[in-house]
Amino acid sequence: MHIGFDVSQTGAGKAGCGYFADAMARALVDVAPEHSYAFYPSFGDFYLDPKIPARNPYPGRAVHYGPRFLTRESAAAFWNAARLEQALHHPDIIHANNFWCPTQVRQSRVVYTLHDLGFTIQPDWTTEANRVGCFDGVVRAAAYADWIIAVSDASRRHFLKLFPFFPEDRVAVVHPCSRFHEPLGKGVAPKSMAHVEPGAFWLSVGTIEPRKNQIRLAEAYAAYLRAGGPAMPLVFAGGEGWLMNDFHHRLEELGIASNVICTGYVSDENLVWLYRNCYANLYPSLFEGFGLPILEGMQFGAPTISSNSSSLPEVGGDAALLLDPEATEAWTAAMLMLARDRTQRERMSADAIARSALFDGVSSARKLEAVYQAALAQPKRQIQTRTRG
Amino acid sequence: MRSLKTVAVDLTPILPGAQNGGAKIFAIELVRELAKLAPDTRFILMTQRAAHDELSHLDAPNVQRVLVPGIGAIERERGVGRLLYSLRAAIFRRVPRRLAVVMSHVAAHLIKGTFVRPPVADTKADLLFCPFTAPVFYEPGVPTVTTIHDIQYMVYPQFFSAEDSANRDLAIRNSFRFSSAIAAISDHVREAVLAHGPPDPNRVRTIHHRMARRLENKWSSADRDKVFTMLGLEPDQYLVYPANFWRHKNHEMLLTAFAMARHRGLPDHVRLVCTGAPDPRRDHVMDLAERMQLGGKVIFPGHLADAEFAALVGAARGLIFPSLFEGFGLPVVEAMALGVPVACSNVASLPEVACGAAMLFDPRVPDEVAEAIMRLVTDEAAREAWRTAGRQRAEQFADSGAMAREYWALFGFALDTFAGRRRLSGVHPDGWAGAEILLELAHDDDAGAVEIDVLAPEWLPHPAVLVWAVFSDGTTIKTQPLQRSERRTLRFDLPGAGGVARIRVTPSFVPARLGSSPDHRKLSIIVERCELIRSDSDRLRLFPEAHV
Chain D
1 MHIGFDVSQT GAGKAGCGYF ADAMARALVD VAPEHSYAFY PSFGDFYLDP
51 KIPARNPYPG RAVHYGPRFL TRESAAAFWN AARLEQALHH PDIIHANNFW
101 CPTQVRQSRV VYTLHDLGFT IQPDWTTEAN RVGCFDGVVR AAAYADWIIA
151 VSDASRRHFL KLFPFFPEDR VAVVHPCSRF HEPLGKGVAP KSMAHVEPGA
201 FWLSVGTIEP RKNQIRLAEA YAAYLRAGGP AMPLVFAGGE GWLMNDFHHR
251 LEELGIASNV ICTGYVSDEN LVWLYRNCYA NLYPSLFEGF GLPILEGMQF
301 GAPTISSNSS SLPEVGGDAA LLLDPEATEA WTAAMLMLAR DRTQRERMSA
351 DAIARSALFD GVSSARKLEA VYQAALAQPK RQIQTRTRG
Chain S
1 MRSLKTVAVD LTPILPGAQN GGAKIFAIEL VRELAKLAPD TRFILMTQRA
51 AHDELSHLDA PNVQRVLVPG IGAIERERGV GRLLYSLRAA IFRRVPRRLA
101 VVMSHVAAHL IKGTFVRPPV ADTKADLLFC PFTAPVFYEP GVPTVTTIHD
151 IQYMVYPQFF SAEDSANRDL AIRNSFRFSS AIAAISDHVR EAVLAHGPPD
201 PNRVRTIHHR MARRLENKWS SADRDKVFTM LGLEPDQYLV YPANFWRHKN
251 HEMLLTAFAM ARHRGLPDHV RLVCTGAPDP RRDHVMDLAE RMQLGGKVIF
301 PGHLADAEFA ALVGAARGLI FPSLFEGFGL PVVEAMALGV PVACSNVASL
351 PEVACGAAML FDPRVPDEVA EAIMRLVTDE AAREAWRTAG RQRAEQFADS
401 GAMAREYWAL FGFALDTFAG RRRLSGVHPD GWAGAEILLE LAHDDDAGAV
451 EIDVLAPEWL PHPAVLVWAV FSDGTTIKTQ PLQRSERRTL RFDLPGAGGV
501 ARIRVTPSFV PARLGSSPDH RKLSIIVERC ELIRSDSDRL RLFPEAHV
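Protein chains in written order, with the numbering used here: chain D, 1 to 389; chain S, 1 to 548.
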């Protein structure tokens, strides 16, 4: 099988979408080396990273790389061309991972990764330019893709709710996996954590932005301190997103500015240290496509209190404490309870490690390969012929 | 008010058919009403060849059309003609039609001063009115009024090419710079203009489109039968979305929501009619509809004649309007006037125009749009409420005579407050000058001379440029050619107060065409400083300026 695979978002500074494509690319060449692969460092005209490294990150027997483009115009000219399949040497599979979807493909099977539909729930969670591009891509996928790969069952159901005409049996769930591989290592404490004792801080990982709901967590934490909870600091590990200029102001208002540490963007080594050494990992997100930070935390034995929204129950399962992200008092109560019950904390830590083992890149890549085989065995998606009347 | 004997109206952006969208409907309605309102004023309508004959219905004893050669026509005249020809050809081949409206103004810039005689000067107009924003035919000494329809390119830059955005920006900035008064078609537009631009708020007035009754009594039962037979429709069994297939009209969302609503139990016989002129975007939307299994459920009739369009809207079950951006939103009030219930977006000008008389929804949330479709079709109580409120709201926008009176008052304001103003134009904020630097002096200016520091950078594509000055009294002063890498102070004595000096530079170039940069501006040399010199001790800095 000749597999064309979009890796356009795997360059430096990648986020969830890029990690998924990167992990799957790596695992695919590993578990299915009999196929030939073309990895596309540029894919479509929505996302473009002209600085994507020119090295060969996915070594294998039959691995090739697609063309690179420095400008959106040149990328658009290539990817929107009528004879795209010819230019790509007629792959059996074209797998899109960056929200863009081709519409002119006649033979190759188009497989489309659906990361997240949060922008259709609350459009203000992202920039308008990004929302327009993502929505456009998802609509094109609903109309033209042969298969959808949803990163969670919640995303799968959400997609079918928005596009009820899409054949259910062509939407598969393939879970992402942690980006951290053996050996796991101890990690390195971030500089801003120099004076914090290991095991004695609350952690919350993620870009500071409205969707991640850090303000409510800060409110719950303030109430926790007022209620006499042990004075462990709350650590926000993540870059400053957007629309959050008033975040620090809000911390001042809550009177917890001196109890909160904002590390800013952290390296993978720092993240490993934080996950390993936190008292618990708190994830109050309002909406996720999957929820990588709780999976990754659980891998390192971080006891997890997570929002029960969207896909998060699927990831956390029985191992995490699942709470309504808008019920601030419930978060306060859970933190107070957990802070006083070490036994429960140790049990949650063990459960977390066991739970995280259920998600691994190799089985996800095998599932993905099975979808490719199924897609190739089936004809392209048939479109109902026009009926007037 | 001083007397307005002659008003020149720039209708050269008008193209045949529906390519200008609502702006054309507005301009024509307004001109007709103005001519009625002021029978003793002569209105000179500047037109381009392609639409000149189509506009003959505007002719009246005090209204006369003047064809502006070059605009929109293919004129082969030496080098400039060829350039124009190729530019026009490029416009019509590559860019969506509505962009061509703006682009034709750029073409006009290129040809102005070469073989097109300035029509405003010719006609001795007392006022120039530009209902399509760009004051291309601005003449020093003639007060100018422009209408601004929207600033969408600032909000949704991704819907425009870089070149198109630059041209729109030029039109808006020139409107700010040259207009004595500006009409904004909604408070939304007015606030956006004031937020982005320098104009004195007193010079910018909101004048709503008042022509809600345009479709009333426009059709006969024959028209109605014809359109229903042609489209295979039954009255009251479809929703209508009148919009060209422009990116911000959000057709992808509408199709998604319509399919969702059908899945949630929207009666199967209810169809969706998307009017709008054929173009490649329409082909894409039609193909999407097929693939979303909406074939036969969504109808694409193309552009309809007024009577047919009116019949179609008038008999619709409702009007659904999910646009992401509007300056006004004429179809909303037109449908209200016909007693058709409306559901529209809660963005841009639409809440202001609908003002509680329509169901509002977030056009970015599929669930909300699907819910709006369901209610518009099935919620009888709400339908009745919107129908009643809509009719009342439409009354506010019904009197096109009142709109003309508001414009007439704005013309008067422009005339009364116009005193000629001292200004320098043709120099970009970064110092690059175009082919002509225009220096206007106020009526009470007593400057003796102007001094300009200029620089020809060493990488200029031409070895030397010629700079000369032409004054309003006809005198011309030439200077020595300015060589590459040369910096020089030019000094010209001025003929007197209130005059105009045109400083011309040739040749000029467009960096983008040389492939050296994405800069699409037409450039010549760099101006480092420009000062009016009243006496040796009294100098007035015109460039760089503290504020635009």
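Hints were generated in silico from the structure; no laboratory data involved.
Quick caveat, the model's predicted, so the values are computed rather than measured.
Do not rely on the hints blindly, as some may be mistaken.
[Stated by the list, open to error] A short list of chain S residues far from chain D (calculated; beta carbon distances all over 12 angstroms):
1) Arg214
2) Asp225
3) Arg262
4) Asp362
[Said to hold, decoys possible] If we take Cβ atoms under 10 angstroms as the criterion, some of the chain S residues that face chain D in the derived model are:
5) Leu55
6) Met154
7) Leu255
8) Thr256
Idealized CB from N, CA, C, for every residue including glycine.
Regarding the hint that Leu55(S) lies at the interface with chain D, is the smallest CB-CB distance below 10 angstroms?
36 angstroms, violated
Cut-off 10 angstroms, beta-carbon criterion: hint that Leu255(S) touches chain D
8 angstroms, holds
Does the interface hint hold: is Met154(S) within less than 10 angstroms of chain D, judged Cβ to Cβ?
The hint is violated - Met154(S) has no Cβ within 10 angstroms of chain D, the shortest such distance being about 12 angstroms.
Evaluate the condition: distance from the CB of Asp225(S) to the nearest CB of chain D exceeds 12 angstroms.
19 angstroms, holds
Let me know if the C-beta of Thr256(S) comes in closer than 10 angstroms to any C-beta of chain D, holds or violated.
With a closest approach of 6 angstroms, the Thr256(S) hint holds.
Holds or violated: is the Cβ of Asp362(S) farther than 12 angstroms from all Cβ atoms of chain D?
7 angstroms, violated
Status of the stated non-contact between Arg262(S) and chain D (beta carbon gap over 12 angstroms):
8 angstroms, violated
Please confirm whether Arg214(S) is truly not at the interface, meaning its C-beta sits more than 12 angstroms away from all C-beta atoms of chain D.
31 angstroms, holds
Violated hints, in rising order: 3, 4, 5, 6; the structure is consistent with all others.
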